[in-house]
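Novice: One-letter residues, chain by chain:
Protein chains: 2
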Amino acid sequence: MRCRKCGQRAAINMRHHRLSLCSTHFKEWLIDQTQRFIEKYQMFTPSDRLLVAVSGGKDSLSLWDILWRLGYQTVGLYIDLGINGGIHYSARSRQCALQFAEERGLELDIYDLRSEIGRDLPDLADENRRGKEKPCSTCGLVKRYVMNRSAMKQGYDALVTAHNLDDEAAILLANTLDWSLEHLSRGLPVMPAGAGFAKKVKPFCRISERESAAYSILRGIEYMEDECPYSAGSKQLFFKHHLNEWEDEMPGVKLRFYKNYLKAMEAGAFPARQDSAEILSLQQCGVCGQPTTADGLCVFCRMTARK
Amino acid sequence: MRCRKCGQRAAINMRHHRLSLCSTHFKEWLIDQTQRFIEKYQMFTPSDRLLVAVSGGKDSLSLWDILWRLGYQTVGLYIDLGINGGIHYSARSRQCALQFAEERGLELDIYDLRSEIGRDLPDLADENRRGKEKPCSTCGLVKRYVMNRSAMKQGYDALVTAHNLDDEAAILLANTLDWSLEHLSRGLPVMPAGAGFAKKVKPFCRISERESAAYSILRGIEYMEDECPYSAGSKQLFFKHHLNEWEDEMPGVKLRFYKNYLKAMEAGAFPARQDSAEILSLQQCGVCGQPTTADGLCVFCRMTARK
Numbered sequence: 001m002r003c004r005k006c007g008q009r010a011a012i013n014m015r016h017h018r019l020s021l022c023s024t025h026f027k028e029w030l031i032d033q034t035q036r037f038i039e040k041y042q043m044f045t046p047s048d049r050l051l052v053a054v055s056g057g058k059d060s061l062s063l064w065d066i067l068w069r070l071g072y073q074t075v076g077l078y079i080d081l082g083i084n085g086g087i088h089y090s091a092r093s094r095q096c097a098l099q100f101a102e103e104r105g106l107e108l109d110i111y112d113l114r115s116e117i118g119r120d121l122p123d124l125a126d127e128n129r130r131g132k133e134k135p136c137s138t139c140g141l142v143k144r145y146v147m148n149r150s151a152m153k154q155g156y157d158a159l160v161t162a163h164n165l166d167d168e169a170a171i172l173l174a175n176t177l178d179w180s181l182e183h184l185s186r187g188l189p190v191m192p193a194g195a196g197f198a199k200k201v202k203p204f205c206r207i208s209e210r211e212s213a214a215y216s217i218l219r220g221i222e223y224m225e226d227e228c229p230y231s232a233g234s235k236q237l238f239f240k241h242h243l244n245e246w247e248d249e250m251p252g253v254k255l256r257f258y259k260n261y262l263k264a265m266e267a268g269a270f271p272a273r274q275d276s277a278e279i280l281s282l283q284q285c286g287v288c289g290q291p292t293t294a295d296g297l298c299v300f301c302r303m304t305a306r307k
Numbered sequence: 001m002r003c004r005k006c007g008q009r010a011a012i013n014m015r016h017h018r019l020s021l022c023s024t025h026f027k028e029w030l031i032d033q034t035q036r037f038i039e040k041y042q043m044f045t046p047s048d049r050l051l052v053a054v055s056g057g058k059d060s061l062s063l064w065d066i067l068w069r070l071g072y073q074t075v076g077l078y079i080d081l082g083i084n085g086g087i088h089y090s091a092r093s094r095q096c097a098l099q100f101a102e103e104r105g106l107e108l109d110i111y112d113l114r115s116e117i118g119r120d121l122p123d124l125a126d127e128n129r130r131g132k133e134k135p136c137s138t139c140g141l142v143k144r145y146v147m148n149r150s151a152m153k154q155g156y157d158a159l160v161t162a163h164n165l166d167d168e169a170a171i172l173l174a175n176t177l178d179w180s181l182e183h184l185s186r187g188l189p190v191m192p193a194g195a196g197f198a199k200k201v202k203p204f205c206r207i208s209e210r211e212s213a214a215y216s217i218l219r220g221i222e223y224m225e226d227e228c229p230y231s232a233g234s235k236q237l238f239f240k241h242h243l244n245e246w247e248d249e250m251p252g253v254k255l256r257f258y259k260n261y262l263k264a265m266e267a268g269a270f271p272a273r274q275d276s277a278e279i280l281s282l283q284q285c286g287v288c289g290q291p292t293t294a295d296g297l298c299v300f301c302r303m304t305a306r307k
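First to last, the protein sequences are chains A and B. Numbering of the first sequence is given in my numbering, commencing with residue 1 and proceeding in unit increments. Numbering of the second sequence is given in my numbering, commencing with residue 1 and proceeding in unit increments.
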């Protein structure tokens, strides 16, 4: 395989794009693609201040690197959940994020769950979950809460997450099995600000996991390679596995699935949910001021107060 | 495992219904379920004359048997496509359908493609397909055409097909990957009559393949067990295989997928396509009078005239 641009030995062959590129041209290409999607979906402009959610993994560090090279104004946000489970998961991820920011002279905010509320995510999940449930739903709740609050408090123009095509396709597939109109109407690359929620954008929504991994490797970014110790057996991994099997059989199916979904949304497949009862009945949490459907305290404040 | 109704040894355990039944109670249950869905989706009543598409396989013979036992007025339609491929596929299927009808004193219409147009499906597909394409799309076209024309010509109140839950879920999954609004808006248990099309109904849409197979075995129906020789490697089998893997992991997922889709349709997903440009521009074929989007001849008449 040869690079289509220069004829040198290719570093990556992207079957679904019918495109092979060498290391230099692949890195250039991925930066261009990311910029293209930022513009196409009107995510943000160079004058915007962006809060980038950084986990220390390949996706968020590759994305942050690209946004930095493109000249965007970014600050990183690392949420230390205290998940260590024998492999020092959070400690090592945090170290990758810190080192990355330091090497580039970028600012990284750290939210440390234990310092803030007195316990780690596994403790919190133990208090909340019934039976053998995984801590993933508590984790998602905490991360969404902290990301939104940080973006709102400090007046960022957008909250950037590094969800890639594989993530988006797997979530979409899971939501499609349930035909949850509420969830299906929210799978877009941009969710506008409103009702106490920051604008949320996903510049990597059409970049595959494999492409973002290749970028971080070819760029020499040191990232946390291990998966979260709780992710084994998760529904998301299950759907990713099946989508990978489909991709082998029908190259491009993941991208087609996601792009056609976006087209269907544009064509009015799911009548907009902006005016749904849930949004209209939002209130402010009495403690933190964040939006909540509950009376009085939001779920996060109730959960973290309880002890 | 014991039958929930009588405590005898169960003949089948349906995990997704959390229900085990003996042979007698399972047969009773499947008949009741079928009647329930006929009523729920307002498919037809005892005064309607029904044309039942019969392939000679487990689904169509089980369904026909149940409709007969429920006292509906049915005539079967067998389409002999002349697919023999070493295993005498069409000849043996036809024999199963004939024997079934004879044993019950039911009327079976036979449409023999070779007698009607002078060649078999494999010939027709060879003339039409480009490269290595499977004959499945030509076959689907011929069957839809013949079924509709037969139902319209003889004034039947509804055309009944034995699509089961596995079929419907696999088609739905394939259409969802493409997010084809046109196709997604047509996956309902009942498609009303109109614009030259007969009313189409699927009383087995919520009955799994395994349940319909169990019914035909426990009832002693002799059906064609082989799959069509062209089906190997088909996309539909591919999606069925994956849905079966999901069903093992999450019992009930197929039924949930299909039922939630129906709910979403009711809630206004995929705004009705009845007034789509395609439907509005339908014309009558100059030869057979069937509806067509083409000027002059319909696809079937063009295809079968060409030689």
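Possibly wrong hints are sitting among the right ones.
In this list, chains with the same sequence are indistinguishable; a pair is considered to hold if it fits within one copy or across any two.
[Claimed, not checked] SDA-like cross-link-like pairs, simulated, lysine to any residue; straight-line CA separation at most 20 Å:
#, residue 1, residue 2
1, K259, H16
2, K199, E209
3, K5, E227
4, K5, G220
5, K40, S208
It should be emphasised that the hints constitute simulated quantities derived from the structure, not laboratory data.
Novice: Compare the structure with each hint and give your call.
Specialist: Cross-check of the supplied hints:
no. : hint         : verdict
1   : K259 to H16  : within (13 Å within a copy, 33 Å between copies)
2   : K199 to E209 : neither (24 Å within a copy, 46 Å between copies)
3   : K5 to E227   : neither (34 Å within a copy, 48 Å between copies)
4   : K5 to G220   : neither (22 Å within a copy, 66 Å between copies)
5   : K40 to S208  : within (18 Å within a copy, 44 Å between copies)
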